[in-house]
Structures are given as C-alpha cells and as structure tokens.
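Trainee: Could you build all of it, start to finish, from the sequences and the hints given here?
Protein chains: 4
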Amino acid sequence: MKKLRIGLIGYGFMGRAHSNAYRKVGNFFDLDYECVLQAACARDPEKVQAFARTWGYQSVETDWRKLIARDDIDAVDICVPNNLHAEIAIAAARAGKMILCEKPLSMNAAEGRRMVAAVEKAGVPNMVWYNYRRVPAVTLAKHLIDEGRLGKIFHYRAKFLQDWTISADLPQGGTGLWRLDVKAAGSGVTGDLLAHCIDTALWLNGGIEKVNAMTETFIKQRKHTLTGKVEKVGIDDACATLARFKNGSLATFESTRYARGHKALYTLEINGEHASIFWDLHDLHRLQYFDHRDQGIVRGWRSIHVSDGDHPYMKHWWVPGLQIGYEHSFIHQVADFLQGVASGKPASPTFRDALETQCVCDAILKSAKTLKWEKVAAVK
Amino acid sequence: MKKLRIGLIGYGFMGRAHSNAYRKVGNFFDLDYECVLQAACARDPEKVQAFARTWGYQSVETDWRKLIARDDIDAVDICVPNNLHAEIAIAAARAGKMILCEKPLSMNAAEGRRMVAAVEKAGVPNMVWYNYRRVPAVTLAKHLIDEGRLGKIFHYRAKFLQDWTISADLPQGGTGLWRLDVKAAGSGVTGDLLAHCIDTALWLNGGIEKVNAMTETFIKQRKHTLTGKVEKVGIDDACATLARFKNGSLATFESTRYARGHKALYTLEINGEHASIFWDLHDLHRLQYFDHRDQGIVRGWRSIHVSDGDHPYMKHWWVPGLQIGYEHSFIHQVADFLQGVASGKPASPTFRDALETQCVCDAILKSAKTLKWEKVAAVK
Amino acid sequence: MKKLRIGLIGYGFMGRAHSNAYRKVGNFFDLDYECVLQAACARDPEKVQAFARTWGYQSVETDWRKLIARDDIDAVDICVPNNLHAEIAIAAARAGKMILCEKPLSMNAAEGRRMVAAVEKAGVPNMVWYNYRRVPAVTLAKHLIDEGRLGKIFHYRAKFLQDWTISADLPQGGTGLWRLDVKAAGSGVTGDLLAHCIDTALWLNGGIEKVNAMTETFIKQRKHTLTGKVEKVGIDDACATLARFKNGSLATFESTRYARGHKALYTLEINGEHASIFWDLHDLHRLQYFDHRDQGIVRGWRSIHVSDGDHPYMKHWWVPGLQIGYEHSFIHQVADFLQGVASGKPASPTFRDALETQCVCDAILKSAKTLKWEKVAAVK
Amino acid sequence: MKKLRIGLIGYGFMGRAHSNAYRKVGNFFDLDYECVLQAACARDPEKVQAFARTWGYQSVETDWRKLIARDDIDAVDICVPNNLHAEIAIAAARAGKMILCEKPLSMNAAEGRRMVAAVEKAGVPNMVWYNYRRVPAVTLAKHLIDEGRLGKIFHYRAKFLQDWTISADLPQGGTGLWRLDVKAAGSGVTGDLLAHCIDTALWLNGGIEKVNAMTETFIKQRKHTLTGKVEKVGIDDACATLARFKNGSLATFESTRYARGHKALYTLEINGEHASIFWDLHDLHRLQYFDHRDQGIVRGWRSIHVSDGDHPYMKHWWVPGLQIGYEHSFIHQVADFLQGVASGKPASPTFRDALETQCVCDAILKSAKTLKWEKVAAVK
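Protein chains in written order, with our numbering: chain D, 207 to 586; chain Z, 207 to 586; chain E, 207 to 586; chain R, 207 to 586.
It should be emphasised that the hints constitute simulated quantities derived from the structure, not laboratory data.
Check the hints yourself; a few may be wrong.
No copy labels: a pair is met if it fits in one copy or bridges any two.
Stated by the list, open to error - Within a straight-line C-alpha distance of at most 27 Å, the following computed DSS-like cross-link-like pairs (lysine-lysine) qualify:
no.: 1; residue 1: Lys-452; residue 2: Lys-575
no.: 2; residue 1: Lys-469; residue 2: Lys-521
no.: 3; residue 1: Lys-551; residue 2: Lys-521
no.: 4; residue 1: Lys-358; residue 2: Lys-438
no.: 5; residue 1: Lys-358; residue 2: Lys-521
no.: 6; residue 1: Lys-452; residue 2: Lys-389
no.: 7; residue 1: Lys-358; residue 2: Lys-469
no.: 8; residue 1: Lys-452; residue 2: Lys-572
no.: 9; residue 1: Lys-578; residue 2: Lys-452
no.: 10; residue 1: Lys-578; residue 2: Lys-327
no.: 11; residue 1: Lys-253; residue 2: Lys-521
no.: 12; residue 1: Lys-452; residue 2: Lys-438
no.: 13; residue 1: Lys-348; residue 2: Lys-572
Because the structure is a prediction, the values reported are computed rather than measured.
Mentor: Now the structure itself:
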C-alpha cells in the first residue's frame with residue numbers, strides 16, 4: 207500500500223476533525239493509499255506537541271515554511287484562519303505538495319484566483335473541505351437530482367442558522383474567536399456558514415447568475431481578545447440573499463448567528479417539477495423526499511433513514527438503522543481524495559470549484575453594500 | 207328532503223359533539239335526510255333549557271321516558287353515563303326509535319347482549335359512537351388494508367394515553383367526573399379509552415382470540431363528589447394487555463391516565479409483510495405509511511397529510527392542506543348513519559359490532575383478575 | 207340577544223367558510239349578537255338558490271346593489287374576486303353597512319385607500335378576513351411576543367408554499383381559477399399567499415420599512431377559461447423578498463405555487479434574543495417554542511399542542527388533546543368581530559390594518575420591477 | 207501512560223465496533239490507560255490476518271485458548287456467538303484476564319451465574335457491552351431520573367423493532383446469520399434485542415419483579431447454512447411482555463424482527479408524576495422531555511439535541527449541533543471501563559449487572575411457555 211504523508215497546519219476544531227478522518231479512513235475503506243500522520247505544525251511548541259501526542263503525529267513543526275520544505279511530506283492540510291490560506295497554499299503548491307485546504311478557500315475571489323493559478327500551475331492535487339457534500343443524505347440528494355428525478359427545478363432554499371454570538375459580552379479575535387475578527391476571517395457568517403450552503407447549491411443545482419443580499423451586524427462593537435480594547439466589529443452577523451440560478455430556478459439563502467434555538471441548523475430544500483428534497487444538519491442521517499409520481503392517496507414526504515448498505519458510503523459502516531455523525535463526512539472526503547489521487551480524477555471540490563463559491567460570496571457581500579442585484583463573476 | 211327528528215339525552219361533552227354534528231352535516235354532505243334537533247333531555251330543567259337554546263333544540267324534557275314516548279322523535283341519542291345506557295336503549299328500542307348510543311355500549315357484555323337483542327328484535331337502526339373510525343386518516347388506513355397493501359399482518363400496537371387524573375386531589379363521581387366512579391362508568395380506562403383502541407382494531411384487523419392483561423389503580427381512594435366522603439376507587443387507572451388476533455398477529459394494547467405529557471395520545475401501528483401504518487390522534491390529519499415495495503434508496507415512512515379531495519370524506523371540506531379536527535369524525539358518522547338509514551345498509555359500528563368490543567374488554571378485565579390468558583367470548 | 211343580519215356576496219370557497227362561521231359561532235361562544243343568515247347574493251340565480259338552501263340563507267339576490275340597498279341587512283360580507291372588492295365595499299359603506307371583506311383588501315394600495323376613506327367616513331365597523339391571526343397557536347405566539355418573552359427580535363421568516371399550478375395544462379380565469387387571471391386577482395401569489403404572511407408579520411412584529419423582491423412567472427401563457435384563447439399570464443407564480451422591519455429585525459418572505467410537496471405550507475419563525483417561535487399551517491394546532499432561559503441540559507424546542515383550556519380560544523371547544531382545524535379560525539374571527547361591534551372596540555384587522563399589508567405588497571411588486579430596495583409607503 | 211493490551215476474539219460486526227472504540231478513545235478522552243491492539247483471534251487464519259491488518263492488531267491467533275494463555279494480553283474481548291461466551295469467559299477469568307464480553311452475557315441465567323462466579327473469584331475487571339447506556343441522550347435520561355425530576359414512576363415502555371428476517375428465503379446459521387440459529391444464539395429477539403431494552407430499563411428504573419410474555423416464531427422452518435437442510439427454527443421471532451417493576455410502575459416491552467419499516471427502532475419512554483422522557487435509537491442524538499412544572503401555556507415536549515458541552519460525554523467531541531452516532535456509545539464505554547480500571551470502581555454493567563438482565567430474559571421465555579406470570583429470579 208502506498209503512503210500519503212500528511213503535514214497538518216493548525217490544531218483547532220478542524221485540525222481534530224481532519225486528524226480523526228486520516229486515522230479512521232483506512233479502517234473502513236479499502237484504498238490504495240494509507241494516510242501517515244507525518245507532522246503537525248503550529249506556532250506554540252507545547253500545544254502542538256500535546257496535539258501530536260494525542261493524535262499520533264510523528265513529528266512537529268512550529269513554522270509552516272519548514273513543514274512545507276520537508277521532503278517527507280506529500281500533502282499539506284491547511285487548518286488555520288482564513289487570512290493565512292493563500293500564502294500557505296501558494297507556497298505549498300510551489301513546493302509541489304498536494305493541498306487540502308479548509309473552507310472558505312480564501313478571503314475573497316481575487317486571492318482565490320491566485321491560489322487556483324498556483325495549484326494548477328504546479329499540477330498538484332488540491333481540495334477544499336466543504337465536508338457537507340459527503341454527508342450520505344446529501345450525496346443521495348445529488349444522485350437523485352442527477353438521475354433527473356426532480357425534473358425542472360423551480361426553487362432552492364438554504365439556511366445555516368446558529369445562535370452562539372448573541373451575547374454582547376463575547377469578545378472578538380484570538381483562539382476560538384477569530385471567526386468574529388474580520389481581519390482573520392474576511393467576513394462573518396457569509397464566509398463561515400453561507401459558503402457551505404453555496405458550495406452545496408452549486409454542486410446540486412449548478413451555477414448562480416446573480417444575487418441580491420442584505421447583511422447586518424447586530425453588535426457593533428466587541429472587545430478584541432488580542433488588543434484588549436473595544437473595537438468595531440467588521441464582520442456580518444447575518445446575511446440573507448435572493449438569487450437566480452442559471453437553470454432558471456429562484457433561491458433564497460440565509461445565515462446568521464442570531465437565531466435563538468439553532469445550534470448548527472443547516473437546511474436545504476429543492477423543489478422540482480416532479481419531486482422535492484429536504485435535508486437538515488441537525489438530523490443529518492435523514493433525507494426527506496417527496497415524489498409527486500407516487501399514487502395520490504398515499505403520497506407524502508418520505509423520511510429516509512439514510513443508513514442502508516445501498517445508500518452512499520453506508521456499506522462501509524454499520525448495519526441499517528445505525529446512524530453515523532458529523533465527523534464521518536470528513537472521513538468520506540479523505541477516502542474520495544485518496545481515490546482521486548490514485549485514479550488521477552480529482553475529488554471535488556477542488557480549489558477551482560471552491561473559487562466559484564468565493565465568487566458568489568463576493569457578489570453577495572458587494573450586493574449588501576451596493577443594495578443592488580450583482581452578477582456573479584466567472585471563475586476564469 | 208326527509209327529516210330525522212332527534213331526541214338527545216345528556217348535555218355534556220358528548221352532547222355538544224353530537225349536536226354540532228347534527229347541525230353541520232347538512233351543510234357539507236348531500237343527503238336524503240335532514241337532522242332536526244327536536245328535543246334535548248336532562249334532569250336539570252334550567253341547564254337543559256340553556257343547552258337547548260345554545261344548540262337550537264326545539265323543546266326540552268327532564269325525563270327520558272317522556273322523551274322516548276313522544277311521537278315526534280325518530281331517533282334517540284344516548285349521551286349519559288355508561289350505567290344508564292342499557293335501560294334507556296332497551297326502552298327506546300321497544301318504543302321503535304332509532305338509537306345512537308355513546309360508547310362504550312354497556313357496563314359489560316351481558317348487558318350489551320340484552321341491548322343487541324332489543325334493537326334487533328325491534329328492527330331499529332342502531333349505532334355506537336366509536337367516532338375514531340371516521341377520522342379520515344383512520345378510514346384511509348382501513349382502505350389500504352382492505353386493498354391488501356399490507357399483506358399478512360404480524361403486529362398490531364395501540365395505546366391511548368392521558369395524564370389528567372394524576373393528582374390525588376381530584377375527586378370521583380358527579381358531573382364531569384363520573385368516569386372515575388366505577389358505579390357510573392363500569393370500568394376505568396379500559397371502557398373509556400382502551401375500548402376505542404379495541405373498536406378500531408377489530409375493524410382494521412379482525413377478531414381477537416385471547417388476551418392477557420394487567421390493570422392498576424394508582425390512587426386507591428378519592429373523595430366522592432356526591433357523598434362528600436373519601437371512598438375506595440373502583441376503576442382501573444391503567445391497563446395493558448397482550449393479545450392474539452385470529453389472523454395470527456400479535457398485539458399490545460395499553461391505556462392510562464397517568465402518562466405525563468399526553469393529553470389524548472391515541473396511537474395505532476400495524477406492521478404487515480409489505481407495508482406498515484401508523485396514526486396518532488394528536489396529529490389526526492396525518493397517516494404515516496411505509497411501503498417496502500418502494501425502491502430501496504428512497505424508501506421511508508411517508509407522512510401523508512390526509513386533506514386531499516381523494517382522501518376519505520375530504521372532498522366535503524376545504525382545499526388540500528387545510529386540516530379538519532376532532533369534531534369532524536362525528537359529522538362523518540352522522541352522514542354515514544343517515545346514508546345507512548336511507549339505503550337500509552346500516553352504518554357501523556352497530557350495537558352488535560360494539561358488543562364485540564365489550565366482549566374483549568370483559569376478557570381483559572377478567573384476565574387482569576385471574577392473571578391468566580382469557581379467551582374472548584363470542585358475541586352470540 | 208341582538209341580531210346581526212348578514213348579506214353574503216359570493217358563494218365560493220370563502221362563502222362556505224364564512225357561512226359555516228356564522229352558523230357555528232353562537233353554539234360555542236357566549237355573545238351579545240346572534241348572526242342571522244339574511245341573504246346570499248350571486249349572479250347565477252340557480253346556484254345562489256342552491257347555496258342558500260344548503261346554508262340556510264333566508265333569501266337570495268342576484269345583484270349586489272340590491273342587496274346593499276336592503277334595509278334588513280346589517281352587514282355585508284364580500285367574498286368575490288379581488289377586482290370587485292373596492293366598488294362593493296365603497297357602496298356598502300355609503301349605504302351604512304358594516305363590512306367584512308375577504309383578503310386581500312384591494313387590487314392595490316390606491317384602491318385600498320379609497321376603501322379605508324369610505325368606511326371611516328361612514329363610521330361603519332369593518333374587517334378583513336386575514337383569518338390566520340386567529341389560529342390559536344398564532345394567537346398564542348402574539349401573546350408570548352407581547353409579554354416580551356422573545357426580547358429584541360433579530361429575525362422573521364415566513365413562507366407560504368403550494369404546488370397546485372405546476373401543470374401547464376391548467377387554464378386561467380373563471381370559477382375557481384380567477385386567482386390565475388391578473389385582471390381578477392391583481393397579482394398572483396403576492397396578493398393571495400404572501401399577503402397572509404405580511405398580515406401576520408405586521409401584527410406580530412410591527413411595521414416593515416423596506417423590501418427587496420424578485421418575482422417569477424414560470425408558465426408564461428395559459429388558456430383563458432372565459433375567452434378560450436391562450437393568453438399571456440399576468441400574475442406572479444412565485445415571489446421572494448428580503449425585508450427590514452422598523453424594529454431592526456431582518457426578514458425573508460417567500461410564496462409560490464411551484465413548491466412540489468406542499469399543499470398550503472404557511473410557516474413562520476421569529477428569533478428573538480431570549481426565545482424563538484415556529485408555526486406551520488400544515489399542523490396548525492402546534493406551536494414550537496424555544497426558550498433560552500430553560501436550564502441548559504434540558505433546553506430544546508417545545509412542541510406545544512395548543513388545545514388546552516388556557517390556550518387562546520380553546521376553552522370554547524373540546525378537551526385537551528383534541529384538535530380543531532382550519533375553519534375554526536373564521537369562527538374565532540366572527541366571535542371577535544361581534545364582540546367588537548358590541549364593545550365599540552373594533553376587531554382587527556380593520557380595513558386600515560389591511561391597507562398596511564397592501565402597501566407592503568405594492569412595494570414588493572414594485573421592487574420586483576425596479577430591482578431595487580423600495581420603501582413601504584405609509585398608510586396615511 | 208499505562209497500557210492495556212487487548213486480545214479480541216471474533217471479527218464480525220461487534221469486533222469492528224470494539225476495535226474502532228479502542229483505536230479512537232485516546233484521541234478524545236484524557237485517560238490513564240492507553241489501549242494497545244495486541245492480538246486478534248479467530249479460527250480462519252486468512253480472515254483474521256486481514257482483519258488484524260485493517261485494524262492494526264499487532265498479532266493474530268486462531269485458537270482462543272492460546273490467546274488467553276499469552277502473557278502480553280491484559281484484557282480479553284469476547285465478540286463471538288452467545289454459545290461460546292461462558293467457556294471463554296470462565297477460562298479467561300481463570301487466566302486472570304480482564305474481560306469485556308458482548309451481550310447478552312450468556313445463553314441463560316444458569317450459565318451466567320457460573321460466569322459471574324468465575325470473574326468474581328478471579329477478581330478481574332469485567333463488563334458487558336450493553337452499549338446503549340452510553341448514548342449521551344440515554345445517559346442524560348439517567349441523570350434526570352437520578353435527580354428525581356420525574357418523581358414517582360408510573361409507566362415504562364420499550365420496544366426494539368426490526369424487519370430484516372421477514373423473507374422466508376433467509377437461511378439460519380453460519381456467519382452473519384447465527385442469530386437465527388437457536389443453538390448459537392440461545393434465543394431470538396429476546397436475547398438479541400429485548401435484552402438491550404431490559405438492561406437500560408434496570409439501569410433507569412430499578413429491578414423487575416415479574417413478567418408475563420408471549421413469543422412467536424412466524425417462519426417455522428428455514429434452511430440451515432451449515433447443514434444445507436431445511437430445519438425447524440428454534441428462536442423467537444417476536445416477543446412481547448407485560449412487567450411490573452419493584453417501584454410499582456407498569457411496563458410493556460416488545461421486540462420483533464417483523465416490524466416492516468423499522469431497521470433498529472429501539473424506543474423507550476418513562477412516565478413519571480412530574481415529567482416524562484422519550485428516546486429513539488433512529489435519532490439517537492435527541493431526547494424528548496416533558497416537564498409538567500413548565501408554565502401551562504408553553505408546556506410541551508422538548509426536543510433536546512444532545513450535543514452541547516454540558517451534555518454527557520459531549521465535551522469530548524465537536525461543537526453544539528453536530529451529532530455523533532452509534533459507534534460513539536462503544537467509545538464511551540471503553541473510556542468508562544478504563545477509568546474504572548484506573549479508579550478501582552468498575553464501570554457498569556458488570557457481569558453481575560448483566561446477569562440480572564439474563565434473569566429477566568429467562569423469566570420472559572419461561573412465561574411465554576407457561577402462559578403465566580413468572581417471578582424474576584434473584585441474581586444471587
């Protein structure tokens with residue numbers, strides 16, 4: 207079995223999720239490649255040592271440039287705040303490394319274009335961790351759509367609702383809170399949450415032509431963890447947008463961190479001529495499916511418990527009725543990435559795919575300022 | 207249009223539900239008969255006057271014998287406590303009146319047999335108000351079963367759970383509380399709640415061969431409203447039973463007034479070889495249906511919103527998606543009763559049908575005492 | 207008891223719903239006024255005769271001007287297509303009649319202003335049938351908001367989704383289909399469905415400052431029932447809008463008749479600082495409520511079965527756990543209207559209240575054309 | 207960190223679930239002990255080699271006696287069919303090994319008593335894999351009950367419903383199908399499914415006094431995989447039982463493999479004086495909780511998404527709203543076992559705890575034969 211030696215940069219929430227995926231994938235998937243946890247990298251030497259010990263990384267680095275320079279690293283995994291993605295990814299590409307980058311790809315589309323250029327010039331496998339594509343219920347939705355079961359699509363609706371920043375006492379910036387600092391995150395819920403909705407939407411329903419958005423920052427000032435001062439909040443707390451897809455369907459997208467009662471409620475619904483689909487991250491193992499072709503008197507939304515052996519990815523796990531969870535979407539993504547490396551047919555979303563999401567997010571944020579419909583720029 | 211002149215005895219909860227049904231049925235169903243609210247009867251002259259005024263009854267009586275003796279009454283509706291059903295019904299039958307009797311039919315099967323004999327000898331139309339058969343979702347279940355969609359039945363499961371008698375301070379006996387007084391009610395939850403489950407079960411799944419039950423009275427003594435004294439509680443607060451149907455299926459039935467959180471949770475589930483059905487009174491306008499013949503990857507429980515024009519009874523009401531409620535089951539029952547009178551094909555459940563439920567209840571209460579399996583006696 | 211003699215114009219779906227309400231209200235509510243079904247009016251003499259017979263109207267008219275001229279009519283109920291509301295209402299006001307008008311108030315705000323002026327000049331009680339305010343779960347939501355339980359409101363979200371016009375074979379115009387004919391309806395889903403969402407939103411969350419909308423007509427041409435020719439479809443099949451409330455909250459509204467799987471899915475959600483609320487017309491007897499002040503480990507969305515005696519309107523009906531349906535919202539509205547007449551404190555929504563909804567709808571339709579944010583005009 | 211060297215016997219479904227737990231526990235829990243996958247053991251040398259490779263076991267054995275005899279094994283994990291549990295466990299105990307044994311403990315209580323005697327005599331840590339106790343929602347239920355929130359318990363209700371053996375073509379016996387062979391399994395659904403319900407019930411609600419059960423074998427004969435002949439089916443396909451707990455509460459338990467539409471529907475409900483609880487394995491990350499002490503108008507079943515940091519076990523995983531799955535219950539059990547070894551306070555259920563479940567199952571199977579209430583034998 208071939209080895210794929212991984213150097214992971216960053217040890218936060220995503221560093222754990224990815225490490226878990228690398229460690230588990232070989233137990234459940236029969237692959238040509240085996241993941242080797244070669245090195246973990248972060249600035250704090252003690253913390254990165256502890257992280258490496260917990261997860262079984264064989265070595266540590268405190269400077270990502272050194273990690274990239276190492277000959278014994280095949281792939282670099284970027285799990286640091288958004289403002290560092292571009293520099294690291296471009297350097298890694300130049301060093302000939304495969305790259306797995308956390309989402310969103312970049313701070314904006316301009317930066318993203320440079321990253322795409324870099325990986326494509328280097329010819330290295332590259333992928334962005336939009337993990338929800340590989341929740342089995344979402345993958346099943348993709349299959350159903352690709353089979354043409356829904357017919358012409360009329361409506362797409364997605365929301366990602368959270369409620370963790372309602373308190374005005376929450377500071378911005380620093381470990382665990384960089385998502386509230388516009389300098390580190392680039393944007394607020396648009397890049398953090400809505401980007402997930404957009405990625406899935408582009409995958410399931412094709413390109414978006416134009417958008418018309420509003421954003422709001424409910425809490426205008428927060429203490430900054432790093433400076434200790436009360437500073438202006440630069441991120442969007444909430445974002446809602448109208449959109450029109452290239453296939454003629456109408457869409458609404460919304461994300462917020464001020465929806466009391468919702469921890470991570472990513473929902474999506476698609477209404478087609480013949481059938482409709484609904485999914486909800488809070489019960490991620492279920493897909494709701496309505497098929498108008500069912501006989502009238504017994505027609506209804508079907509609650510599909512996506513845990514059978516013929517459901518996407520599920521033959522690798524347990525037995526019907528026993529659900530998997532959030533972390534498994536990452537394991538599936540690693541499995542697909544490794545198969546992509548083996549077959550030469552890259553697993554999506556590549557940097558180029560993720561750039562399209564970035565273009566949509568840019569148009570949304572622009573529209574929220576111009577207060578007008580904005581066309582989504584082409585990736586190229 | 208022919209008139210059916212009704213004399214109603216009792217003005218409690220059921221008196222209202224039936225009066226509402228008589229008043230509304232003609233607005234929604236095209237029938238040969240029109241209901242005329244001829245007389246209301248109860249012992250308290252002031253209260254029965256007020257009731258008659260509210261509902262538009264043209265006259266009142268304070269003695270049910272006088273009501274029965276009147277020439278201008280075609281049908282007698284019995285809405286009084288269970289211990290009075292037999293005497294009134296037998297007298298009404300002898301007087302040649304049609305009879306609509308509240309459930310349960312009687313205090314026990316012996317009494318019920320006399321009632322059946324009386325109405326059959328008199329040859330008068332007769333019906334018992336087991337109204338849940340005519341909730342559209344339940345009627346739809348009956349249609350699906352009769353079409354053979356479920357195949358061989360393996361399991362039947364029904365419960366009727368309430369929580370309104372948990373307080374030890376609640377008295378027994380008197381208006382609104384006669385259901386806690388064994389002398390008026392005959393039994394507790396078995397005749398009040400489980401009898402509904404049994405009636406539906408016999409209708410949907412055929413005869414029950416034998417039962418094995420336990421009952422419990424959690425609160426042993428309660429003040430009696432009529433005597434003012436603390437008296438032994440004679441009713442069953444809870445009842446659970448195993449049963450075997452004649453078709454070979456296994457069943458569990460349960461009813462209680464001590465299930466905190468459930469107001470009137472009547473649920474039933476049937477598991478067949480090919481398909482299963484689930485229904486819940488708390489959301490009575492929905493039927494859950496699972497069909498194993500659906501394609502595997504999109505197989506799931508279908509939540510059918512039973513509000514389309516091709517669903518049972520629903521073409522008479524509003525438009526798809528707009529739900530009807532509890533009271534409509536009574537209106538449907540009146541419509542079917544009137545059609546039965548017109549056609550000569552009696553609407554079910556007749557006294558004879560309801561006697562079968564009584565025989566099952568008797569066997570259940572007996573088993574709870576003998577602690578053994580008991581055969582259900584034949585109706586005849 | 208005083209009598210309120212009603213003259214109803216139109217005998218379609220709404221004519222039935224209102225007639226049912228007038229007939230039933232007195233059986234369940236103790237009121238100073240009694241509704242008398244004095245006259246039904248429609249152009250077709252045979253059909254209006256049949257309708258009057260079914261519902262017990264004492265007389266018929268075939269010309270609404272004659273109905274209005276009658277001395278024995280106290281209140282006029284307008285149940286005809288939208289393009290006739292203004293003329294009839296203004297004439298009825300001049301004749302000194304109370305007016306109950308179907309929603310939407312008018313074809314547009316300009317027309318609505320004339321109607322408001324007419325009723326206010328005449329000093330007659332007036333109301334518009336936005337019935338969903340009086341679904342007990344929605345009324346309960348209003349109470350909870352008014353008590354301040356939700357705190358500052360961040361988000362409002364409402365949708366009204368149907369799927370009955372997806373077929374291109376459906377004609378426009380004529381009985382039952384005038385809602386597809388822009389000349390009769392004024393607009394498509396905006397006035398028919400979204401107007402309900404807007405009415406409730408204004409009631410629950412206060413005024414809307416500005417909107418930004420898109421509309422779409424998926425089927426561009428349909429045969430017209432009255433002309434027999436294929437004609438351009440002038441209505442909006444779908445409408446989605448962003449909005450900002452005066453209280454600073456952000457909103458999304460959407461309505462469509464192309465959402466496969468949804469018959470009449472009116473849902474609304476409100477997210478406040480402390481608590482959130484969700485309601486769904488398909489299960490109208492339930493309110494979902496999340497209160498962040500609940501202890502953390504047992505915090506969750508509460509599914510409230512709004513059927514207890516202390517829930518709005520419910521003491522008038524059955525017992526806890528037994529649900530009422532769609533039609534009851536109209537009965538509650540009649541009860542409140544009659545109490546308003548008795549007390550002199552008008553029941554909402556009055557014509558003036560409904561005009562505010564009209565102003566929002568106008569702004570939405572304008573925005574869909576200008577492709578810009580549009581301010582909602584003041585009622586005055 | 208101390209090492210706990212594991213020898214696993216059997217490589218089926220449970221062998222995978224346990225191996226996964228041993229491999230992951232250290233990544234998520236901070237423990238004194240580290241699991242070492244020392245040896246895997248099974249009769250087929252090739253298959254056990256492949257299994258060891260997949261999961262990282264350092265060595266293999268094909269004779270469990272040799273495994274037990276090895277000095278470098280601290281704990282033996284028994285994942286073989288039920289008929290082999292006793293012999294292996296008793297030998298392992300004599301060899302001084304810690305033992306983790308799959309459920310049910312044994313073929314019957316008599317065998318179980320010998321196993322308890324063996325481990326207690328040897329003084330070795332021992333545990334049985336009733337994993338559902340450690341689904342966080344179930345553990346939360348235990349906490350709520352132990353805090354006294356439910357008050358006096360009136361009712362306990364549990365079911366474990368599956369539908370995978372409905373086809374008469376399914377053979378019995380052999381790999382994957384030994385659960386249908388009474389010689390290997392001891393019983394059918396009683397030991398396989400109902401035992402889970404009983405274990406949780408004893409934990410949550412205390413001892414069971416007596417039971418009254420029925421069982422059924424719907425398919426009387428099946429081809430035997432090992433003999434190739436059609437043989438009588440000795441297992442129970444379905445089992446339903448009434449029970450009385452020592453605390454006075456009434457219970458119903460049911461398990462079947464003939465409930466079309468249910469893959470692994472383990473549900474439990476407890477109704478107490480003040481509060482009730484409901485849980486469902488198909489959505490294992492949710493606990494339904496009803497508290498009567500909530501204010502009346504906002505009282506309802508709370509759907510608790512058990513994914514917050516203050517919910518049992520959850521601080522070790524991701525962030526609120528992101529669900530874990532089935533396999534995590536095993537990881538939690540390993541964590542607790544290791545903490546038990548470290549602290550000397552054994553994690554439950556021990557062999558002795560599991561023997562109590564065995565005594566209940568024995569009484570159930572006996573009652574199904576005697577057709578009478580049977581007392582549950584004491585463990586001692």
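Trainee: Now tell me, hint by hint, if it's right for this structure.
Mentor: Each hint, compared with the structure:
1. In this assembly of identical chains, Lys-452 and Lys-575 lie within 27 Å of each other by CA distance both inside one copy and across copies; the values are 23 Å within and 20 Å between.
2. Taking the closest pair of Cα atoms, Lys-469 and Lys-521 come within 27 Å of each other only across two copies (15 Å); inside a single copy the shortest separation is 29 Å, beyond that limit.
3. When the C-alpha separation of Lys-551 and Lys-521 is checked against a cutoff of 27 Å, the pair qualifies only within one copy, where the shortest distance is 22 Å, while the shortest distance between copies is 38 Å.
4. In this assembly of identical chains, Lys-358 and Lys-438 lie within 27 Å of each other by CA distance solely across copies; the values are 21 Å between and 45 Å within a copy.
5. Taking the shortest Cα distances, Lys-358 and Lys-521 never come within 27 Å of each other, neither inside one copy (31 Å) nor across copies (30 Å).
6. Neither within a single protomer nor between protomers do Lys-452 and Lys-389 lie at most 27 Å apart by alpha-carbon distance, with minima of 33 Å and 31 Å respectively.
7. In the homo-oligomer, the alpha carbons of Lys-358 and Lys-469 lie at most 27 Å apart only across protomers (19 Å), although the nearest pairing inside one protomer, at 33 Å, exceeds that limit.
8. In this assembly of identical chains, Lys-452 and Lys-572 lie within 27 Å of each other by CA distance both inside one copy and across copies; the values are 20 Å within and 24 Å between.
9. Taking the closest pair of Cα atoms, Lys-578 and Lys-452 come within 27 Å of each other both inside a single copy (19 Å) and across two copies (21 Å).
10. In this assembly of identical chains, Lys-578 and Lys-327 lie within 27 Å of each other by CA distance neither inside one copy nor across copies; the values are 36 Å within and 42 Å between.
11. Taking the shortest Cα distances, Lys-253 and Lys-521 sit within 27 Å of each other only across copies (19 Å), while inside one copy they are farther apart (37 Å).
12. Within a single copy, Lys-452 and Lys-438 get their C-alpha atoms only as close as 38 Å, which misses the 27 Å cut-off; across copies the closest is 24 Å, which meets it.
13. Taking the shortest Cα distances, Lys-348 and Lys-572 never come within 27 Å of each other, neither inside one copy (30 Å) nor across copies (36 Å).
In summary, the numbered hints that this structure violates are 5, 6, 10 and 13.
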